[in-house]
Amino acid sequence: MNRLSRAEQSISLEPRVMDTLVYLAQHPGRPVSRDELLEKVWQRVVCEQSVNRNIAELRKALGDDSQAPRYIETIPKRGYRLIAEVSPLPVTAAATPRRHLRWVIVAAPLGLALAIGAIWWLPAEPSWNQTAQFQSLSALTEGSSETFDPAIDPAGRSIVYAQRAAAGERSHLFRIQADGAGLQQLTSADADDYSPDLSADALSIVFVRRSAGVCRIMLLTLDAEAKVRSERELLRCGESSDSRVIWAENDTSIAFTDRDSFATPYRVFLFDLNTGEKQQLTNPETNLAWDYKRKGAYRGYGDYWLARAPDRSGFLFARNFYGEETDVFEMKWRERKPIEVFEWGWQLGAFSYNASSDGLIYNDTPNSLVEHRFSDGDRQTLLQAESEIYAPVLGPAGDRLLHIVSQQRWQIWQRKLGDADEPGALIASSSHEYFGQYAHHSERLVFVSQRSGQPELWLREQDGQQRQLLRSPFWIEHKPLRWAPDDSAILLEVSNVLLSVDTADGTVRQHTPDSSTHLPEHWVASAPAWSRDGRHIYFASDRSGSWQIWRVSRELEYEWVADYGVKRLKAKLSDSDFQQITTRGGYSARESLDGQWLYFSKPHEHGLWRMPVTGGDEVLLIADFDADHRHHWEVHVDGIYYRPNTGNPSGIYRFDLEQKSSSLIAEDVPNQGRQFSLSADRSSLVFNRREGRGSQLYAAR
1 MNRLSRAEQS ISLEPRVMDT LVYLAQHPGR PVSRDELLEK VWQRVVCEQS VNRNIAELRK
61 ALGDDSQAPR YIETIPKRGY RLIAEVSPLP VTAAATPRRH LRWVIVAAPL GLALAIGAIW
121 WLPAEPSWNQ TAQFQSLSAL TEGSSETFDP AIDPAGRSIV YAQRAAAGER SHLFRIQADG
181 AGLQQLTSAD ADDYSPDLSA DALSIVFVRR SAGVCRIMLL TLDAEAKVRS ERELLRCGES
241 SDSRVIWAEN DTSIAFTDRD SFATPYRVFL FDLNTGEKQQ LTNPETNLAW DYKRKGAYRG
301 YGDYWLARAP DRSGFLFARN FYGEETDVFE MKWRERKPIE VFEWGWQLGA FSYNASSDGL
361 IYNDTPNSLV EHRFSDGDRQ TLLQAESEIY APVLGPAGDR LLHIVSQQRW QIWQRKLGDA
421 DEPGALIASS SHEYFGQYAH HSERLVFVSQ RSGQPELWLR EQDGQQRQLL RSPFWIEHKP
481 LRWAPDDSAI LLEVSNVLLS VDTADGTVRQ HTPDSSTHLP EHWVASAPAW SRDGRHIYFA
541 SDRSGSWQIW RVSRELEYEW VADYGVKRLK AKLSDSDFQQ ITTRGGYSAR ESLDGQWLYF
601 SKPHEHGLWR MPVTGGDEVL LIADFDADHR HHWEVHVDGI YYRPNTGNPS GIYRFDLEQK
661 SSSLIAEDVP NQGRQFSLSA DRSSLVFNRR EGRGSQLYAA R
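Just so you know, we're using the UniProt record's numbering here: the sequence shown kicks off at 1 and counts up by one.
Calculated directly from the structure, the hints in this document are not laboratory data.
Note that beta-carbon positions come from the ideal geometry of N, C-alpha and C, so glycine has one too.
Be a bit skeptical, because a hint or two may be false.
Unchecked claim - Computed list of lysine to aspartate or glutamate pairs in DMTMM-like fashion (alpha-carbon distance at most 20 Å, straight line):
id	residue 1	residue 2
1	60	39
2	60	376
3	337	249
4	60	85
5	60	456
6	278	239
7	60	249
8	278	343
9	337	64
10	40	563
11	40	378
12	416	249
13	479	335
14	332	628
To be verified - Derived Cβ-Cβ restraints for the label pairs, each shown as a range:
id	residue 1	residue 2	range
15	452	232	26 to 34 Å
16	463	583	16 to 24 Å
17	533	143	49 to 57 Å
18	560	464	31 to 39 Å
19	143	335	30 to 38 Å
20	356	229	54 to 62 Å
21	562	337	40 to 48 Å
22	169	422	20 to 28 Å
23	157	188	17 to 25 Å
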């Protein structure tokens, strides 16, 4: 019957929303991860993001507040916990369907009892149509220019987008008809114009303009013949802000993102064009105080992306801290209260509403666009492509999907150090190839490939032959791969869990907890590295409330598991198996070659530190080590190789551990992806390099 009794009120809930509440009631006071809810309620891993929508529905039914919860508490990065008192109610003989439950939930602060009655425990499985809905493609722009930020007017007759002719040049706004005809340049200032949005009558366009460190929100108006009539500044945005702007509930106000400095998160503001009044709508520092105080905010994070509902009822915004999970919130203009509707396991790129304003369209992989409905969590693949596609915008009728197709791809290049010859491609394909990492004792190279559309772990042998090591249903993190000291295995991060893959037989081992591991709490594990003897694994975790370096033994008991589509040997872990190494911050660690010292970087703090492996005080070793490259550095017999945060010329530097001085060893190494790797004899350097030029606007039908 799926009903919730609250005081004298009876509330009907959707089956899966009720199933979620029942499962929480079965485990009161215990953190329940999203993965656990998916496994027990949905019984399917592909619909992870719908958990958040169900929690939002439960809070609405319970009259609960996520910021001051009385019933369901959000534990950031871990899941949810039912904090109200729970006790079973006797069930009458008349209400005895198969596998039913009946509970009373008491909210301790108010003493309010809620009865969950006669529930069928038959969780429905959400559908996922993986057959692409859109098949026919047509290019609306062409050439080698970079096209981005498409927007379509509410009637679907005209399209506005930003475009720059070549790298390093200014971006301007252009307008075309829906079929690609009638190209018209709208702006030509010595500035970067982007983030356009069209008014209901398609005659007014708001956009962002940046020039010489000044950020402006602009308004451009067209006459009845769509010729530019006027252009004016509405207001200034922060000089360190890459703002986004959309029209609000009507064409007399706008919503935009802004921040004061690199050290503060983006927030969403409302601006009235008639009165000039500016009002703050979101405050991530308050709403996610635990995250913000623990991790801090920096460039690119906070409430950083906006999408306007086609029916103008509200908007979506994305919230992200520290490049991890992205929470998408919906705010209706009438209520002005953010409701979490979607969560993604890493930083979410450009997204938009679906045509009916009850879901969103986003990148499931770099090569596919997916629609996710808020009402039931169901997903449908809209478009699949061989190239990288992004920035989806659905036409108002729902029959046309605008998107950007990248003409660039990452490839792995090699440079012979001390050789006058130019570098050349070592691993190249029609898709992305990246994060090449040399072995310790040979020139074998492990790397990540997207040649199948999903990131996979591949190995290049000495003779140049390539073979797949791991194909995972989860996203392989864009972080370095680590060879075992004897080159027998590769250590990597997959969805905040650390795995190793045997290079001989492909056996996968899991070394840190996932959400099904029954430890006191689940926590993120990142930036893995081996100890020199191969007996331990170092990693970064926020388990203690801040990012620190931890260590776990490899010499544990393992058992075969095959959940989530990955057959692997999973370590039998207990809380005592983990040892915290640093206390003043730490992220990416390496041991010295003699195993005496631990070198490590810190999140968002320039410098590389050193401390004894056995414990002791930390000492700053390399002051100009760039925190943005905290993952990408290597320890070799002749020193530490890294990228500095200062230096002219730029490139790869070597820090001599005896002389305590740095010298340039490779100039003008591309910084795309930040990654590099040196061969064991330091004669060869591999790095990421982007091939191809530009990105173009396409329409799919």
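Does the structure keep residue 60 and residue 85 at a Cα separation of 20 Å or less?
-> 19 Å, holds
Can the suggested window of 17 to 25 Å be confirmed for the beta-carbon pair residue 157 and residue 188?
-> This hint holds: roughly 24 Å between Cβ atoms.
Please work out if residue 60 and residue 249 have their alpha carbons no farther apart than 20 Å.
-> 23 Å, violated
Take the C-beta atom of residue 169 and the C-beta atom of residue 422, compute their distance, and say whether it sits inside 20 to 28 Å.
-> 26 Å, holds
Assessment of proposed distance window 16 to 24 Å (beta carbons of residue 463, residue 583) | Taking Cβ atoms as reference, residue 463 and residue 583 lie about 47 Å apart, which means the hint is violated.
Measuring from beta carbon to beta carbon, are residue 533 and residue 143 in 49 to 57 Å?
-> 55 Å, holds
Residue 232 and residue 452 - C-beta distance against the hinted 26 to 34 Å | 49 Å Cβ-Cβ, so the 26 to 34 Å window is violated.
Are the Cα atoms of residue 60 and residue 456 separated by 20 Å or less?
-> Violated, because 40 Å separates the two Cα atoms, which is more than 20 Å.
Are residue 278 and residue 343 close enough, with their CA atoms no more than 20 Å apart?
-> 29 Å, violated
Proposed proximity, residue 39 with residue 60 (alpha carbon, max 20 Å) | Violated, at roughly 24 Å.
Taking 30 to 38 Å as the hint, is the beta-carbon distance of residue 143 and residue 335 inside that range?
-> Once the Cβ atoms are compared, 45 Å apart, the range 30 to 38 Å for residue 335 and residue 143 is violated.
Is residue 278 close enough to residue 239, meaning Cα to Cα at most 20 Å?
-> 17 Å, holds
Hints 1, 5, 7, 8, 12, 13, 14, 15, 16, 19, 20, counting from the list given before, are not met by this structure.
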